[in-house]
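Visitor: The listed protein sequences derive, respectively, from chains A and B.
Under the numbering used here, the first sequence has 47 at position 47, and the numbering climbs by one with no breaks.
Under the numbering used here, the second sequence has 5 at position 5, and the numbering climbs by one with no breaks.
Because the hints were derived from the structure by calculation, they are not lab data.
Check the hints yourself; a few may be wrong.
From the derived model, a few chain B residues whose C-beta atoms are all more than 12 Å from chain A [to be verified]: (1) GLU15; (2) THR20; (3) TYR22; (4) THR28; (5) GLN48; (6) SER52; (7) LEU61; (8) SER73; (9) ALA90; (10) ARG92; (11) VAL93; (12) LYS99.
Here are the in silico distance ranges between beta carbons for each label pair [said to hold, decoys possible]: (13) GLN18/A x ALA78/B: 24 to 34 Å; (14) GLN9/B x LEU111/A: 39 to 49 Å; (15) THR14/A x VAL50/B: 43 to 53 Å; (16) GLN9/B x PRO95/A: 31 to 41 Å; (17) PHE69/A x VAL13/B: 22 to 32 Å; (18) SER30/B x THR5/A: 46 to 56 Å.
For glycine and all other residues, C-beta sits at the position ideal for the given N, C-alpha and C.
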Amino acid sequence: ETGVTQSPTHLIKTRGQQVTLRCSSQSGHNTVSWYQQALGQGPQFIFQYYREEENGRGNFPPRFSGLQFPNYSSELNVNALELDDSALYLCASSPTAETQYFGPGTRLLVL
Amino acid sequence: GQQVMQIPQYQHVQEGEDFTTYCNSSTTLSNIQWYKQRPGGHPVFLIQLVKSGEVKKQKRLTFQFGEAKKNSSLHITATQTTDVGTYFCAGRVSGNTGKLIFGQGTTLQVKP
Numbered sequence: 001e002t003g004v005t006q007s008p009t010h011l012i013k014t015r016g017q018q019v020t021l022r023c024s025s026q027s028g029h030n031t032v033s034w035y036q037q038a039l040g041q042g043p044q045f046i047f048q049y050y051r052e053e054e055n056g057r058g059n060f061p062p063r064f065s066g067l068q069f070p071n072y073s074s075e076l077n078v079n080a081l082e083l084d085d086s087a088l089y090l091c092a093s094s095p096t097a098e099t100q101y102f103g104p105g106t107r108l109l110v111l
Numbered sequence: 001g002q003q004v005m006q007i008p009q010y011q012h013v014q015e016g017e018d019f020t021t022y023c024n025s026s027t028t029l030s031n032i033q034w035y036k037q038r039p040g041g042h043p044v045f046l047i048q049l050v051k052s053g054e055v056k057k058q059k060r061l062t063f064q065f066g067e068a069k070k071n072s073s074l075h076i077t078a079t080q081t082t083d084v085g086t087y088f089c090a091g092r093v094s095g096n097t098g099k100l101i102f103g104q105g106t107t108l109q110v111k112p
C-alpha cells in the first residue's frame, strides 16, 4: 500500500469533453508527477509539481494542465478530449528525490 | 527527442531460469530507476541507481548502471512465478530534475 489514492478509478467521456482526475498523496510528499500510460506502453511523463509549482513538463499539449494543493492533493485537467487520450493516468508522489510511489491510476476511455 | 529503449519486449522462461532486461538511453542520465508492474496494477518502485558503474542487489535481483550512464540492466536469478510482470526502467535526464523517461518495458512470463 503506497498511501497514494486516485479518483475516480474508471471514467468514460466523449470527444470534446473536459475531465478532472484527482490524486491524494501522503503527508510530507511535496512532489507529485502525472503520467499517461497507453495499453502495452510505458508511462509517459506529463508534468511534475513541487510545492504547488510546475517543475518539469513532458511533450503534452497545453490542454493538459495541473494543480497541486497545500494538503498534498493534486489534479490533472484535460480539455477538449480526443480519442487518443484514452489511457491509464497515474500520479506518483515523492517524499525525496529518490523514491516515487504510484497510485492505482484512473482508467479513462474517450468515445 | 530523448528516448529510453528496453529489450526484449517479452521474455518467457521456465521457473528457475535466469532473466535479464536491458535499457539504453539516447542521452546521458543523471540517474535511473527500475519499476515492476503486475497485470492490472500500477508501477512499483524497485530501486534507483545514481553512480556510474553502480551495482545494487536485492535478493535475487541485480541492477547495474553503465559506466557512461546511458545503459542499465536488471538480472533476476532463478526466476519464480511471483516474478511475473512488466519491468520498466526510467531515466532522469541531467538538468531536468522533474522529467522521468520510461522505457517500453519487458514483460516476463514464468512457466511453473
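Visitor: Against this structure, judge whether each hint is valid.
Guide: Against the structure, the hints come out as follows:
Listed as a non-interface residue, GLU15/B keeps its Cβ farther than 12 Å from every Cβ of chain A; the least gap is roughly 25 Å. At roughly 18 Å from the closest C-beta of chain A, the C-beta of THR20/B stays outside 12 Å, upholding its exclusion from the interface. The non-interface label for TYR22/B is consistent with chain A: the shortest C-beta to C-beta separation is roughly 15 Å, beyond 12 Å. At roughly 17 Å, the least C-beta separation between THR28/B and chain A is larger than 12 Å, which holds for a residue marked as non-interface.
Taking the minimum C-beta to C-beta distance to chain A, about 5 Å, the non-interface status of GLN48/B is violated against the 12 Å cut. Its beta-carbon lying about 17 Å from the closest one in chain A, SER52/B satisfies the requirement of being farther than 12 Å from that chain. Every CB of chain A is more than 12 Å from the CB of LEU61/B (nearest about 16 Å), matching its label as outside the interface. No beta-carbon of chain A is positioned within 12 Å of the beta-carbon of SER73/B; the least distance is around 17 Å.
Distance check for ALA90/B against chain A: the nearest CB is about 8 Å away, which does not clear 12 Å, and the non-interface claim fails. ARG92/B, annotated as away from the interface, has a beta carbon of chain A within 12 Å; the closest lies near 9 Å. Under the 12 Å C-beta cut-off, the non-interface status given to VAL93/B relative to chain A is violated; the minimum distance is some 10 Å. Residue placement check: LYS99/B does not keep its beta carbon more than 12 Å from all beta carbons of chain A (closest about 5 Å).
About 50 Å separates the C-beta atoms of GLN18/A and ALA78/B, a value inconsistent with the hinted range of 24 to 34 Å. Under the hint 39 to 49 Å, the C-beta atoms of GLN9/B and LEU111/A, about 29 Å apart, miss the expected range. The given range of 43 to 53 Å is respected by THR14/A and VAL50/B, whose C-beta atoms sit roughly 45 Å from each other. The supplied range of 31 to 41 Å is met by GLN9/B and PRO95/A, whose beta-carbon atoms lie about 33 Å from each other.
A hinted range of 22 to 32 Å is violated for the C-beta pair PHE69/A and VAL13/B, which are about 45 Å apart. Between SER30/B and THR5/A, the C-beta spacing of about 30 Å breaks the proposed range 46 to 56 Å.
Violated hints for the displayed structure, listed by number in ascending order: 5, 9, 10, 11, 12, 13, 14, 17, 18.
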